[in-house]
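Undergrad: Residue strings, one per chain:
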Amino acid sequence: MPVLTPPTLPSEDKRWKIVNGTMRKNGYARHALIETLHTVQSSFGYLDDDAIRYVALSLRVPLCRAYGVATFYHYFTLKPPGKHTATVCAGTACYIKGAEKLIAAAETQLGIGPGQTTPDGEVSLMTARCVGACSRAPVALYDGEVVGEMTRGQMLERLERWEVE
Amino acid sequence: MTLEELEQIAIGARRENAKYDYEVNVCMDLACASQGAGALKDALVKAAEASGKTVLVRRTGCMGPCSHGPLVRVDPDETLYSRVKPADAERIANSLGGPPAAELQCDLAEYFDKQVRVVLENAGYIDPEKIDDYISRDGYKALLTVLLEMTPNGVVHRITESGLRGRGGGGYPTGLKWGTVAKASGDVKYVVCNGDEGDPGAFMDRSVMEGDPHRVIEGMAIAAYAVGASKGFIYVRAEYPIAVARLNTALREARRNGLLGMGIGNTPFNFDVEIRLGAGAFVCGEETALIASIEGKRGIPTPRPPYPAASGLFGKPTLINNVETYANIPPILRNSNKWFHGMGSERSKGTKVFALTGKIANTGLVEVPMGITLREIIEVIGGGVPDGHTFKAVQTGGPSGGCIPDEMLDVGVSYDALLKMGSIMGSGGMIVMDDSSCMVNVARFFIEFCMTESCGKCIPCRAGTAQMYTLLTRMCNGTGTMDDLALLEDLCTTVKEASLCGLGQTAPNPILSTLKYFRNEYIDHIVHKRCTAGVCNMEAAVEVMA
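Keeping their order, the protein sequence lines are chains A and B.
So the working numbering is basically just the index in the first sequence, starting at one, shifted up by 10.
So the working numbering is basically just the index in the second sequence, starting at one, shifted up by 3.
In isolation and in its complexed conformation, chain B is listed as follows (with noise of 0.2 Å):
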């Protein structure tokens, strides 16, 4: 394929859509098919041919609010209707052309004024299984502008330039990486896509897989030429069989287009994308762990150096970037980089999706620029805590990150300041709690995961968390002792230190970073024997005073 071939797909398709008066889009994600989009999306078909209006009704992608959902959203207006019903569908039709379906509108202005859509700047717009949908919002523009234009290096160097770093949490300079892999001598190399989002509590590159799968290829297909490989995995948890079948549709559509496969482009650039499963383990998430699933062991990490851009999958060079990632590519270089200078703070460039969940008014997807502070994303974009409680923390980051407290909301978000907090920017999840939940507790829930995902190689995870667990069960029930305490904030210490992963190196956080603004509550459930939020059962406290 051309650039003039892809360009007249594109008018094609654009005067495809163009016949029709009004475009209804469902959103038919996770969330809002749980509610019934399915029958929404088949009654709106109906509705709209007996209306005799010439309507395209379209499944899309995740729209964002995720609470307010099923939602449909009627174009050229932009309305967006939430909540509603196959009974409703009819109402929608007769709407076409006339005033809104007032009482099916939704105001919810605030929740999107805030956002800036890069990576998500397609879903809710296409339908995310057929590539010309894609194509026609200039899809697969950056990929064949790059093999026709650049140099490997020029890519590497422009990605450098823009400042991207790994949204997979760590924030390593995106460009470096790259580069790394571009020097690294072999004539085997490989690209990998960490679609293991194994943080539970987000969601943000499942909705990316799912909405807009040809994003990650075509970003993927760029790393490849930059770095000089000619093929790809993405490796992608069994637990969602959606992003599964989404990829392997768009896989098999990229194909018969000639974006995948021998002499892409009319260059001599061959590249090719192979689905490999996960089954279940968080410590896949970690580069060497997940190089070891794919080659069909036990994901078991192993000492760096040498790191996998020096030996990597089948001890060859291999780069690894995150799906949100990948997904930032193609807008990066179809734009230029002052463009995505200019979103951000000094440190962190461009934008960051957040999966926005817990005790919170508007649970959802959103994408914020980078400095954007937290009190922004959780009171105005999220709506507040709801059913008058009380904001207590958020936590981002999964196991590996922290909770923040209210007093540290007003600063803005970037890899640096959530470090210096005591989290990380991690791969996108924010929960929100409210006093109705126990820091201690949630302590506890945390260590658990690490404790049953600790792969057991290196002793002070898989001796270290079991121990952690266990003094913060006592403190939970109420048998905990002030030395419990001293005992556990050491072994923190040495948890951190000593593991050999990230998975060990960071599963502390979430203990250090509550005792650090929660301290009280601590000493409540061992001193007084108190669980202020109501959590914890203190059964066993009664009984040893009895």
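Just chain A, with the same shape it has in the complex (with noise of 0.2 Å):
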């Protein structure tokens, strides 16, 4: 196999070592795409163009298919978060115990849908499929702390707590 050349790195960011760190640890095999692109977004927050033409590039992988990967999995995104992010679950326990209205009031208050970040990148807000903490039913996630049992009241003071801020 002729050696290739390492693709160069996007930036200067320290980061990168980190994304490397996970490809050379896999070999950097191609069945390691969808683990280095976990990397990338936990690392950067989200996936951009750059990232993915670079992890595709040094996997020798289409880039066709690292942005077909991408796209595929709803835990991809890619456009950055906003500064905060709410998540409301929108698994089926949820689903019978009223999210739905939930996400409703949150759209109100915040004036964007699911999957969208307010204009001053303040505040994303996200549905999930399942959390996995049904029995706490509605769940909302608040940058990635569980909260159950949430009423409408609790959810609208946070967003707007995040929105003075």
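Hints are not guaranteed to be accurate.
Stated by the list, open to error - Here are the simulated BS3-like cross-link-like pairs (lysine-lysine), alpha carbons at most 30 Å apart as the crow flies:
(1) B/K186 with B/K144
(2) A/K24 with B/K300
(3) A/K89 with B/K460
(4) B/K300 with B/K186
(5) B/K144 with B/K22
(6) A/K35 with B/K133
(7) B/K22 with B/K117
(8) B/K117 with B/K341
(9) B/K88 with B/K117
(10) B/K341 with B/K300
(11) B/K144 with B/K423
(12) A/K111 with B/K532
(13) B/K144 with B/K133
(14) B/K88 with B/K22
(15) B/K460 with B/K499
(16) B/K49 with B/K88
(17) B/K88 with B/K56
(18) B/K133 with B/K88
(19) A/K89 with B/K144
(20) A/K111 with B/K519
(21) B/K117 with B/K423
(22) A/K27 with B/K49
(23) B/K300 with B/K319
(24) B/K234 with A/K35
(25) A/K35 with B/K532
(26) B/K300 with B/K423
(27) B/K49 with B/K133
(28) B/K300 with B/K234
(29) B/K234 with B/K133
(30) A/K35 with B/K300
(31) B/K341 with B/K186
(32) B/K186 with B/K319
(33) A/K27 with B/K186
Stated by the list, open to error - Reference listing, derived: stretches of chain A covered by chain B, where coverage requires no fewer than 3 residues with Cβ under 8 Å from a Cβ of chain B:
(34) 42–53
(35) 77–91
(36) 136–148
Note that these hints are calculated values from the structure, not bench results.
Owing to the predicted nature of the structure, the values given are computational and were not obtained by experimental measurement.
Glycine residues also receive a C-beta, built at the ideal position from the N, C-alpha and C atoms.
Take the two lone chains, each set in its own frame, and fit them into one complex as the hints suggest.
TA: Here you go:
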């Protein structure tokens, strides 16, 4: 197999070292694509074109396949998240306990739909398929912190606090 | 590690625990942790030190009745405290050696009495990050005994005889699957653990992986020995970061103790496991899609045959089982098949873990012998529907399952009985709905899920689910017609019969089962423009009429 020169780093950012680490650990195998994209997302918060191109070239994966994977899976996001993220669980147990109303209330409050970020970049509103805390439905995650038995009032209060900040 | 060395570790761990007069176990599973179990544990450690008694404060996996959390169990008396706050820590520490803190105690005898704990036998009793805790409860004994005393064929035979069926939902006989992979030719084979718990509303596999990770690893190692594999993969949802961390710790500890790696138990058997993260695609629960995902591709199913048993991961024979199936293996081999046959019904042996949620008093994890009636699970263990509402339906099997009405609750739980009722066993989600749920809206919820989760490869699923969603949306906003209903039923059959994989083939189940048992609600929506549960907004209908 011809030796390929590794692609140049998209930037001087130190976080690329972590990304390289994941690829090295997996021996630059093509099947490590998803693992590597996970590392990119956990380091940078999202996947942008430069990142996808860099990973694809490093692992010798066609660009279309890397982009296909990045867009196929819900967990990957191609847009930078806001400073804070509110994720409302939309799993079955949460739906039965009124998650749809919570999502609608958050939409009205923030003026954005699920998957979007407020224009000032402060708050992102997300929905999750299920976070596995079904016994405490309806559940929301505030910057990763799981809060169960959510009420409309509690949620709006939290969102307001973020907006004011 | 040899059996004697394992026994030494177990004795050492038991002796270490015996140094303490009291064990205070704190449930730190997601539900309890989200209610402040972390701060509670710190407070208990402090209070225990201050009390001057010899107390072991231990973090454990899920104890079960999540709606009563945060939970604390004090051993040896097995006193269970519910809704404990950090401020109560001192009260609990002071009660040790005297009468229990009655005001914090909860009586959940009915919740526990009907349950039989096999898969969850360690949940709530061990620290999931300590391998010694697992070994002290006979952990890895089955693996080492099997390696020393049984042939691979013998193991396959034992599992076949046990009658264990796949706990991922389909109920395929586990022994038969193992036998097929064992017979497949090839030097390289793989075992894969499906921990992609995609069913929204279910969290059994998360709790097992978080609360007792070594059990899954031991089950996989035994399976690898039986089928002749030396490499395993655990595919876990990225949405379960704690499970991933616990599994990583467990793998490290197992390697350090020589229970994974080269020459396990001083035999020529080599085995190691890697973790692969899912990335949020329901279809990856389907085995061929899961394989594609481990290979770093989009999770798109391929037609079977070839089955993974013949040509799976990287084109090699591959055994894929669910988390709960692997978790059943060590106890089956430690005990006799007679013991396992003693639980369950004619064609469904053993126990099943369910995640009981929705409109029910006691939400949480329950493990029941097969054959128990749904009514017992819901009314006795679950404590029935709270707040004066009446029961309407119970949903099993998630987006692939169906809704079961009150008049069918006296049927015993088994793979075949649930299938006959128009639902499936599924991985174990059990969601109770009361009179405030609209069944048309529920069907729409599930079909929306399947529509967004369809991978788009085959047309019946990709286009069919979208059309069914449009029809159900019309019914829910009051613009549906009886022709729409006829078309919907027709589409259900097409999608069911013509889809490539399980996702599409089962996607119409929620509609078919609600049509079968709650047809009157559909008629109400279409003819009378009325949603008795008050869920659907019929504004569009009013406009049309005006």
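Undergrad: Under the criterion that the straight-line Cα-Cα distance not exceed 30 Å, is the pair B/K88, B/K22 satisfied?
TA: Cα-Cα ~27 Å, so holds.
Undergrad: Starting from A/K27, check that the Cα of B/K186 is at most 30 Å away, please.
TA: Violated - the C-alpha atoms of B/K186 and A/K27 are around 44 Å apart, more than 30 Å.
Undergrad: Please check whether the stretch 42–53 of chain A has three or more residues whose CB lies within less than 8 Å of a CB on chain B.
TA: holds (count 6)
Undergrad: Can the restraint linking B/K144 and B/K22 be considered satisfied, given a maximum Cα separation of 30 Å?
TA: Status holds; Cα separation ~24 Å.
Undergrad: Keeping to a limit of 30 Å between CA atoms, is the pair of B/K144 and B/K133 held or broken?
TA: The given pair, whose Cα atoms are some 16 Å apart, holds under the 30 Å limit.
Undergrad: For the pair supplied as a hint, B/K234 and B/K133, is the alpha-carbon distance within the 30 Å limit?
TA: 24 Å, holds
Undergrad: Verify the proposed pairing of B/K341 with B/K300, using a straight-line Cα cut of 30 Å.
TA: Roughly 44 Å between the alpha carbons, so the hint for B/K341 and B/K300 is violated.
Undergrad: Could you grab the alpha-carbon distance between B/K460 and B/K499 and see if it respects the 30 Å cut-off?
TA: Within the cut-off at roughly 15 Å; holds.
Undergrad: Could you grab the alpha-carbon distance between A/K89 and B/K144 and see if it respects the 30 Å cut-off?
TA: 49 Å, violated
Undergrad: Can you confirm whether the C-alpha distance between B/K234 and A/K35 stays at or below 30 Å?
TA: Since the Cα atoms of B/K234 and A/K35 sit roughly 17 Å apart, the hinted pair holds (cutoff 30 Å).
Undergrad: For the pair supplied as a hint, A/K111 and B/K519, confirm whether the alpha-carbon distance does not exceed 30 Å.
TA: 28 Å, holds
Undergrad: Need the status of pair A/K27, B/K49: alpha-carbon distance at most 30 Å?
TA: Violated - the C-alpha atoms of B/K49 and A/K27 are around 41 Å apart, more than 30 Å.
Figure legend: structure checked against the earlier numbered hints; hints not met, in rising order: 7, 10, 11, 19, 22, 25, 26, 33.
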